[in-house]
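Trainee: Spelled out, the chains give:
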Amino acid sequence: MWQNSKPYWLVLPTVSVIVILFFGGLVEGLAHSLGYFPAAGQLDFSTRAYHKLLSSKDFWLSLWLTLRISFLATLFSGILGMGISLFFLRNQQRKSRIGLWLQGLMNLPLVIPHFVGAYIIVLMFMQSGYLARILYGFGLIQQFEAFPVLTNDPRGWGIILAYTWKEAPFIALMIYPVLKNIYSNWLEVAKVYGAKPWQFFIEVVVPLLLPAWTSSCFIVFDFTFSAFEVPYLLGITYPQMLPVLSYTLYTNGGWERMPEAMAINVVLTLITALLGIMAYKLSRRWGMPGGKS
Amino acid sequence: MRKVTTPVITIIVIAICLFLAGCSQAQNKSDPAATATSTDLLKANWDEVASQAKGQTVNMYMWGGSESINRYMDEWVAPRLKEDYEVTLQRVPVNDINDTINKLLAEKQVNKKEGSVDLIWINGENFKNAKEQDLLWGSFDKQLPNFNQYIDANAPDIKDDFGLPTEGLEAPWGKAQFVFIYDSNKIKTPPTSMAQLADWVKQNPGKFTYPAPPDFTGSAFIRQALYETTGGYQQYMKPLDSDSLTPKLSPLWNYLNSMETSLWREGKTYPESLAKLDQLYANGEVWMTMGYDPARASNEIKKGTFPASTRTFVLEAGTLANTHYLSIPFNSTHQAGAMVAINFMLSPEAQIAKFDPLNWGEDMSLDLQKLSPEDQKLVSEIDRGIATLPAGELASHRLPELPSAYVDVLDNGWLEYVAK
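Residue numbers (our numbering), protein chains in the order written: chain U, 1 to 293; chain B, 294 to 713.
In case anyone wonders, no lab produced these hints; they're calculated from the structure.
So these bits of chain B aren't anywhere near chain U, every CB distance computed over 10 Å:
1) Gly524
2) Lys596
3) Arg677
Here are the simulated lysine-lysine pairs, DSSO-like style, with alpha carbons at most 30 Å apart:
4) B/Lys595 to B/Lys481
5) B/Lys713 to U/Lys52
6) U/Lys57 to B/Lys561
Beta carbons: idealized from backbone N, C-alpha and C, even for Gly.
Chain B with its partners taken away, still in its complex shape (with noise of 0.2 Å):
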């Protein structure tokens, strides 16, 4: 026994060095040819991209907390990509992409040229983090031809990405908008303005909550209660100064903190995730949620998730809407396959699929305008299910979103001045 395993030691130990030189070496070998490649790409027409992009593996990292996104991904998208174009998408859900940008940093740092994230979801805040450390890959946008057809690339939801231009380096492949989701067999008539949110919240204590920010849903909320509490939108479309932001914030904590002892748990903890909302909402223990997703509430009924008596409603004043993108990191090793599946989920086909609830019920990122007179009328026919607004009533009632820069402060200041 013993003759035996020491020279199989031996060999494992001379293996693991054998393969750790390995792999440094073919990583310096490939090194250039990876980056000659990337950057004749940007160039490329798009025969070739599309001819280099047949049988490539793209790996998609994605917001994995939607049941009816992930079907659409893995039913409707990934299928009709292979079949067409050879194109293998692959879903990787995340809990929050903020950590994969944080892991591109880290491959960044170590710089690892071939990363294993092709595709990324953004917008907003981690749009910025990954745009200011050079975490994507390049301008890729016009070489799309459903791009450079069917989207208006110069309207300002589109050209910028929370205030921030996004300099061809995302696609925009939807739009959100932000609603409150109620009972309707609870709540008889929904306020239509954050203070009459405050008044409703009183009467009826501990029906209501919102996510902790910096859960996504939870720092929107906060986002729409600034809007109202502190006069409008307009005085925060100038960039940040800190200086002057501040004391402009203290109603949005007064506002904040004088509903908090009528909220759930009397505010002393609030739900981690909007999936724990959700729950909460589901059970019963509470008759409000909320979402960046006008067409959540209808897919969550259908699923029977949701009593069947749920709506939806805006403000008055509107309510925030925002534009997220498709992007490819700096380290890409697909990026072409990228380009395709970008470019393919861009085109009217892939996005009116999209806008059917069935699907996932979300707003095209297209120009309605630019698109055929056959598919107008498609879209025309959909029905969005019982509890999503009217597509007008929607339209009617967007506030654009806060500059990224406002969102860490407000961020960490609810939790200084509102969680304590």
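With the rest of the complex left out, here is chain U (with noise of 0.2 Å):
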């Protein structure tokens, strides 16, 4: 009896934890979204909020935004990282001095918080932030004018490219040691077949890398679609990423408007549910090779 319910013990502090806080927390904001607000007297449930969010204007446009930013961040911080994480390769292959200070130097932005890399990006980019000083120092640019606009610019590149620098050594510590494992596997059996590098890449390396690559995207995907932080020193006043939008709902709208708010965290624990399943159901696909069973 004990041997057939002991790993269900095992892993009950850590479930009790999720279901507390996480499902706990899901089912508060579920309630409010639905009007239901005991502290401000309410106690009926309606669907107003969300008839109200779907008909507005501003929540598809920063959905959109955010789909965008989010997208290309992902894909971005996905093809660096695949980069960094080759780079890590053939650094263990000759581990040079400069090359393991250089992974080290990449690595960093793991251990910097979102909040703090994205003021950097902020200090480093504006307009009138170190670089457009230091080519102004250098004569390169006459005016701070001249410095491309790459902090809170409507496109949302500045939020971007905090998420790339971010992300990308993130995801390539997650595919490194399955690459690892894929050359000193599978190179020399290439070899004997004649395959030359890049066949080898192609052909193998890329389709046994991918169920790695796509979950670990899919993870930076739905952190970049749901943060708060990025966005919010990096974006614009006017379409809001939906966190910063939830948040001003939250914090500008009064009592009133805080369903609204709870509704957009609602849409987005679905939206980012959704592709947890969808990461899931592909990576089943794909880490069955041939597709067999």
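Since each chain comes alone in its own frame, lean on the hints to assemble the complex.
Mentor: Below, the structure is given as structure tokens:
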């Protein structure tokens, strides 16, 4: 009996924390989005907040902006992360001192909080930032206005830049073990069959790496989709990314607009969950080479 | 290994269960006691309050965006409070006190009787929200000796907070006034009205912007614009009627939209906070900033963030002024300590130190006439910094704040008509 139930007992502490904190918060947020708000004396449920949200132009503009920025940020960090990972691999084979030093430098963004990272981007890339001042100092630009608008820009490049810088090392770290395995297990075989390095990369590495790469990309996408601090610091006043819009509604609209803010959070959660399920399904299919079962 | 882990985990699980059970029990038990003492405290005499406060640690939630204010609290107020009254003041910096009000609301919702917030620094809209939702403890100001002795409780700018009666739920800590900050090397004659400001902006495209409301300062800027563009403040001192208000506002939106394309980044985006605007000003990207603190510019010059040529100006028709307050939340666990701390911060000693630009440089909430002659002399001898306007000039250019009910309407209107 104990032997059978043991695994369940072992995960109980973790599960209870998840259930209480995560699902508790989720249920609370859902109830609030449906207008249930005992502190303000509102006890009935309604879908008014959702109606209002889904019929407002702001929401759709923000959703589109959020999807666009998250997609681009994920794409760039995915590609860059793969590059960094390959660099790590090469480093591992050669063990040059500069290479190791560079590797440490590339890992640096991992230990910097998003908030700080975003602020670094602001200080570096604003029109009167460090970079602009250096260029100005060298006489490469005549005035600050000549420096391109890279932070708080309408297309969100500042946010994309910050996320790419921050998430690429994360993806690199996630796929590095897989990459290392592929090279140590398959490289010799491929060579025996006469594959050139680039052929090996395209025909062997990419297909084998894809599951790990896509799932880490999905993690990045989900994060950039629902995180607040980077778009708050680097975004523009209108339209805002969804998490920032939610914050604005929650803090600025008075008590009566809070359900809308919560409804945004529920929508964010739903989309993220949906993507999570998709990622899981995809990785399962790719996880079985040849699709045997 | 396996044999060891199983019991250990079982113990952990049991411990967690016991802990959770214990928490809820502890809370249940202490409820009656906590409420009993807190109502007694509102009637207790001051000696009782002071003796109960001894040894308490008071968590003060306050906007943490100003280094000089933080230093005043940490290096001037806290040590003296500790030494003279044995009350430890722990400053908890927040970006926007609204977040704390929301936290209190959430605590109220789950019926949390023992909150971590003992003292908050609020006014205006936040006070209105807190008062409406019963998030504040009770009427305590008449118990504070310094309140009774030094404050003119009947002055309109003390009695009402943005048009809303304080009813003793909060005690006045200081007064602030809106000023514009500019670089006198780049602007020879600063504008004296909003109309002139708009002209200046159009002649100097890209050199002016304001923080996006609901940022506190940005929100104040549009209220400032409202008064001039719609014909004075008197009409807004009556209670809100949103049907008659909305048509009145269109000159304001026209005004703000007319200067939009000449703003920084052509008005496509606005700084999300005053800190960002200050940074733009310090870097020379814009030539003006602003703030609800007449002495801030002098402070920033001293710190080296703003250029030495920085000066301030008020408009001929006057600028917004308000009073800000200290209050105690409904579920504070150290109400006695909070009362002692507030009383201390209202003492002439603490207020004069606060008035000194070496510490903070902000106007006192005390009535100057009620101070002793020595204290009055002290006040008149303080040099408030090169960029700070003389107290008399500030005082003669004060306009009352709008009732806070208008603030939300304006902030949302701005998002609707200007930001989009």
